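Residues in the sequence shown are numbered consecutively from 1, following the working numbering.
No lab work stands behind these hints: they were computed from the structure.
Nothing here was measured: the structure is a model prediction, and the numbers come from that model.
Treat the hints with care, since some could be wrong.
[To be verified] The following label-pair restraints were derived from C-beta to C-beta distances:
1) GLY97 to GLY29: 18 to 24 angstroms
2) GLY22 to PRO130: 22 to 28 angstroms
3) PHE163 to GLY97: 37 to 43 angstroms
4) THR62 to ARG160: 31 to 37 angstroms
5) LYS85 to PHE163: 28 to 34 angstroms
6) GLY166 to GLY55: 37 to 43 angstroms
7) ARG123 to PHE67: 22 to 28 angstroms
8) PHE163 to LYS66: 18 to 24 angstroms
9) GLU74 to GLU3: 29 to 35 angstroms
[Stated by the list, open to error] Below 27 angstroms or equal to it, Euclidean Cα-Cα: the simulated DSS-like pairs (lysine-lysine) are:
10) LYS57 to LYS41
11) LYS53 to LYS85
12) LYS41 to LYS85
13) LYS2 to LYS41
14) LYS53 to LYS14
15) LYS171 to LYS66
16) LYS171 to LYS14
17) LYS70 to LYS85
18) LYS129 to LYS85
19) LYS129 to LYS2
From the three backbone atoms N, C-alpha and C, an ideal C-beta is built for every residue, glycine too.
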Amino acid sequence: MKERLTHLYFGNGKGKTTASMGLALRALGNGWRIVVVQFLKSHPSGEVAGLEKLGAKVIRSTETMKFVFKMTEEEKQAARAVQQKMLNEAIRLVDEGQVDLLVLDEAGSLCQLDMLEDMNTLRQLVEHKPAGLELVITAHEPAQWLLDAADYCTEMRCHRHPFDRGIPGRKGVEF
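Required output: the full structure, derived from the provided sequences and hints.
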(Lines of atoms letter the chains of each structure in order from A and count residues from 1; the text may use other names and numbers.)
(Lines give C-alpha, C1' and ligand atoms only; values in the text may rest on other atoms or scores of the structure.)
Protein backbone atom coordinates (compact mmCIF):
# COMPACT_ATOMS: atom_id res chain seq x y z
CA MET A 1 0.00 0.00 0.00
CA LYS A 2 1.22 3.48 -0.79
CA GLU A 3 1.69 5.90 2.06
CA ARG A 4 -1.43 7.86 2.85
CA LEU A 5 -1.32 11.62 3.29
CA THR A 6 -2.49 14.54 5.43
CA HIS A 7 -5.07 17.08 4.24
CA LEU A 8 -5.72 20.50 5.79
CA TYR A 9 -8.78 22.56 4.87
CA PHE A 10 -8.71 25.96 6.55
CA GLY A 11 -9.90 29.55 6.37
CA ASN A 12 -12.99 31.65 6.98
CA GLY A 13 -14.90 30.40 3.94
CA LYS A 14 -17.67 27.83 3.77
CA GLY A 15 -16.75 24.31 2.73
CA LYS A 16 -14.09 22.96 5.10
CA THR A 17 -16.34 20.38 6.72
CA THR A 18 -18.17 19.79 3.43
CA ALA A 19 -14.90 18.99 1.64
CA SER A 20 -13.76 16.65 4.39
CA MET A 21 -17.10 14.83 4.47
CA GLY A 22 -17.06 14.49 0.69
CA LEU A 23 -13.64 12.86 0.90
CA ALA A 24 -14.95 10.57 3.65
CA LEU A 25 -17.89 9.58 1.44
CA ARG A 26 -15.55 8.83 -1.48
CA ALA A 27 -13.29 6.71 0.73
CA LEU A 28 -16.27 4.91 2.27
CA GLY A 29 -17.49 4.08 -1.23
CA ASN A 30 -14.10 2.49 -1.89
CA GLY A 31 -14.31 0.25 1.17
CA TRP A 32 -12.21 2.32 3.57
CA ARG A 33 -12.88 2.33 7.31
CA ILE A 34 -13.83 5.88 8.28
CA VAL A 35 -13.76 7.67 11.62
CA VAL A 36 -15.02 11.25 11.83
CA VAL A 37 -14.44 13.31 14.97
CA GLN A 38 -16.36 16.57 15.22
CA PHE A 39 -14.78 18.84 17.78
CA LEU A 40 -16.53 21.90 19.23
CA LYS A 41 -19.80 20.96 17.51
CA SER A 42 -22.82 19.42 19.16
CA HIS A 43 -25.71 20.09 16.78
CA PRO A 44 -26.65 17.26 14.42
CA SER A 45 -25.86 17.75 10.74
CA GLY A 46 -26.99 15.96 7.60
CA GLU A 47 -23.55 14.94 6.37
CA VAL A 48 -22.70 13.22 9.65
CA ALA A 49 -26.05 11.42 9.79
CA GLY A 50 -25.55 10.24 6.21
CA LEU A 51 -22.03 8.96 6.82
CA GLU A 52 -23.19 7.10 9.94
CA LYS A 53 -25.96 5.41 7.94
CA LEU A 54 -23.32 4.26 5.45
CA GLY A 55 -21.10 2.76 8.15
CA ALA A 56 -18.69 5.49 9.22
CA LYS A 57 -17.94 5.81 12.92
CA VAL A 58 -18.67 9.31 14.21
CA ILE A 59 -17.34 10.66 17.49
CA ARG A 60 -18.90 13.88 18.73
CA SER A 61 -20.03 15.51 21.93
CA THR A 62 -23.49 14.57 23.13
CA GLU A 63 -23.67 17.70 25.27
CA THR A 64 -24.80 21.03 23.83
CA MET A 65 -21.83 23.35 23.54
CA LYS A 66 -21.68 27.11 23.54
CA PHE A 67 -19.25 29.05 21.41
CA VAL A 68 -15.92 29.08 23.26
CA PHE A 69 -15.93 32.87 23.62
CA LYS A 70 -19.24 32.59 25.53
CA MET A 71 -17.95 29.95 27.99
CA THR A 72 -16.92 30.56 31.56
CA GLU A 73 -13.52 29.23 32.60
CA GLU A 74 -15.24 26.27 34.30
CA GLU A 75 -17.19 25.48 31.11
CA LYS A 76 -13.98 25.70 29.07
CA GLN A 77 -12.26 23.27 31.41
CA ALA A 78 -15.14 20.80 31.11
CA ALA A 79 -15.20 21.20 27.32
CA ARG A 80 -11.42 20.64 27.13
CA ALA A 81 -11.86 17.33 28.93
CA VAL A 82 -14.60 16.25 26.49
CA GLN A 83 -12.53 17.23 23.43
CA GLN A 84 -9.47 15.41 24.82
CA LYS A 85 -11.53 12.28 25.47
CA MET A 86 -12.81 12.34 21.87
CA LEU A 87 -9.29 12.74 20.47
CA ASN A 88 -7.98 9.96 22.72
CA GLU A 89 -10.76 7.64 21.46
CA ALA A 90 -9.80 8.36 17.84
CA ILE A 91 -6.12 7.72 18.60
CA ARG A 92 -7.04 4.42 20.27
CA LEU A 93 -8.90 3.32 17.12
CA VAL A 94 -5.94 4.37 14.94
CA ASP A 95 -3.50 2.51 17.21
CA GLU A 96 -5.69 -0.62 16.97
CA GLY A 97 -5.53 -0.42 13.15
CA GLN A 98 -9.28 0.16 12.77
CA VAL A 99 -9.07 3.36 10.69
CA ASP A 100 -8.10 4.05 7.07
CA LEU A 101 -9.35 7.66 6.98
CA LEU A 102 -9.56 9.87 10.06
CA VAL A 103 -11.36 13.20 9.79
CA LEU A 104 -10.62 15.62 12.64
CA ASP A 105 -13.18 18.35 12.01
CA GLU A 106 -12.19 21.61 13.76
CA ALA A 107 -9.06 20.03 15.24
CA GLY A 108 -7.05 23.06 14.18
CA SER A 109 -9.47 25.24 16.09
CA LEU A 110 -8.75 23.24 19.25
CA CYS A 111 -5.21 24.61 19.09
CA GLN A 112 -6.23 28.15 18.22
CA LEU A 113 -8.77 28.27 21.07
CA ASP A 114 -6.73 26.28 23.62
CA MET A 115 -9.44 23.64 23.91
CA LEU A 116 -7.43 20.48 24.56
CA GLU A 117 -6.00 19.41 27.89
CA ASP A 118 -2.84 18.20 26.14
CA MET A 119 -2.08 19.97 22.86
CA ASN A 120 0.87 17.66 22.29
CA THR A 121 -1.52 14.73 21.77
CA LEU A 122 -2.80 16.22 18.52
CA ARG A 123 0.63 17.28 17.32
CA GLN A 124 2.07 13.81 17.97
CA LEU A 125 -0.76 12.20 15.99
CA VAL A 126 -0.23 14.54 13.03
CA GLU A 127 3.56 14.45 12.98
CA HIS A 128 3.84 10.69 13.64
CA LYS A 129 0.74 9.30 11.93
CA PRO A 130 0.90 5.70 10.73
CA ALA A 131 1.78 5.32 7.03
CA GLY A 132 -1.55 3.57 6.38
CA LEU A 133 -3.67 6.43 7.75
CA GLU A 134 -5.14 9.18 5.57
CA LEU A 135 -5.69 12.17 7.85
CA VAL A 136 -8.00 15.15 7.26
CA ILE A 137 -8.02 18.22 9.51
CA THR A 138 -10.15 21.35 9.34
CA ALA A 139 -9.39 24.68 10.99
CA HIS A 140 -10.13 28.37 10.81
CA GLU A 141 -6.63 29.64 11.60
CA PRO A 142 -4.24 26.67 11.77
CA ALA A 143 -0.97 26.76 13.66
CA GLN A 144 2.15 26.90 11.51
CA TRP A 145 3.08 23.33 12.43
CA LEU A 146 -0.24 22.12 10.94
CA LEU A 147 0.39 24.05 7.73
CA ASP A 148 3.88 22.53 7.57
CA ALA A 149 2.62 18.97 8.19
CA ALA A 150 -0.09 18.97 5.51
CA ASP A 151 0.49 17.31 2.15
CA TYR A 152 -2.70 18.91 0.82
CA CYS A 153 -3.19 22.44 2.13
CA THR A 154 -6.36 24.20 0.93
CA GLU A 155 -7.50 27.62 2.08
CA MET A 156 -11.22 28.41 1.90
CA ARG A 157 -11.87 32.15 1.54
CA CYS A 158 -15.28 33.74 1.74
CA HIS A 159 -16.02 36.25 -0.99
CA ARG A 160 -19.77 36.30 -0.39
CA HIS A 161 -22.16 34.44 1.90
CA PRO A 162 -25.96 34.66 2.31
CA PHE A 163 -25.50 35.00 6.10
CA ASP A 164 -24.15 38.50 5.43
CA ARG A 165 -27.58 39.38 3.97
CA GLY A 166 -29.39 37.98 7.00
CA ILE A 167 -30.20 34.58 5.49
CA PRO A 168 -29.71 31.96 8.24
CA GLY A 169 -28.09 28.57 7.71
CA ARG A 170 -30.39 26.19 5.85
CA LYS A 171 -30.95 22.53 6.65
CA GLY A 172 -29.56 20.40 3.84
CA VAL A 173 -27.16 23.12 2.70
CA GLU A 174 -25.26 24.51 5.71
CA PHE A 175 -26.07 21.65 8.08
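Taking the hints in turn, this is what the structure says about them:
no.: 1; hint: GLY97 to GLY29: 18 to 24 angstroms; in the structure: holds, 21 angstroms
no.: 2; hint: GLY22 to PRO130: 22 to 28 angstroms; in the structure: holds, 23 angstroms
no.: 3; hint: PHE163 to GLY97: 37 to 43 angstroms; in the structure: holds, 41 angstroms
no.: 4; hint: THR62 to ARG160: 31 to 37 angstroms; in the structure: holds, 35 angstroms
no.: 5; hint: LYS85 to PHE163: 28 to 34 angstroms; in the structure: holds, 32 angstroms
no.: 6; hint: GLY166 to GLY55: 37 to 43 angstroms; in the structure: holds, 39 angstroms
no.: 7; hint: ARG123 to PHE67: 22 to 28 angstroms; in the structure: holds, 24 angstroms
no.: 8; hint: PHE163 to LYS66: 18 to 24 angstroms; in the structure: holds, 19 angstroms
no.: 9; hint: GLU74 to GLU3: 29 to 35 angstroms; in the structure: violated, 43 angstroms
no.: 10; hint: LYS57 to LYS41; in the structure: holds, 16 angstroms
no.: 11; hint: LYS53 to LYS85; in the structure: holds, 24 angstroms
no.: 12; hint: LYS41 to LYS85; in the structure: holds, 14 angstroms
no.: 13; hint: LYS2 to LYS41; in the structure: violated, 33 angstroms
no.: 14; hint: LYS53 to LYS14; in the structure: holds, 24 angstroms
no.: 15; hint: LYS171 to LYS66; in the structure: holds, 20 angstroms
no.: 16; hint: LYS171 to LYS14; in the structure: holds, 15 angstroms
no.: 17; hint: LYS70 to LYS85; in the structure: holds, 22 angstroms
no.: 18; hint: LYS129 to LYS85; in the structure: holds, 19 angstroms
no.: 19; hint: LYS129 to LYS2; in the structure: holds, 14 angstroms
The structure fails hints 9 and 13 (numbered hints given earlier, in ascending order).
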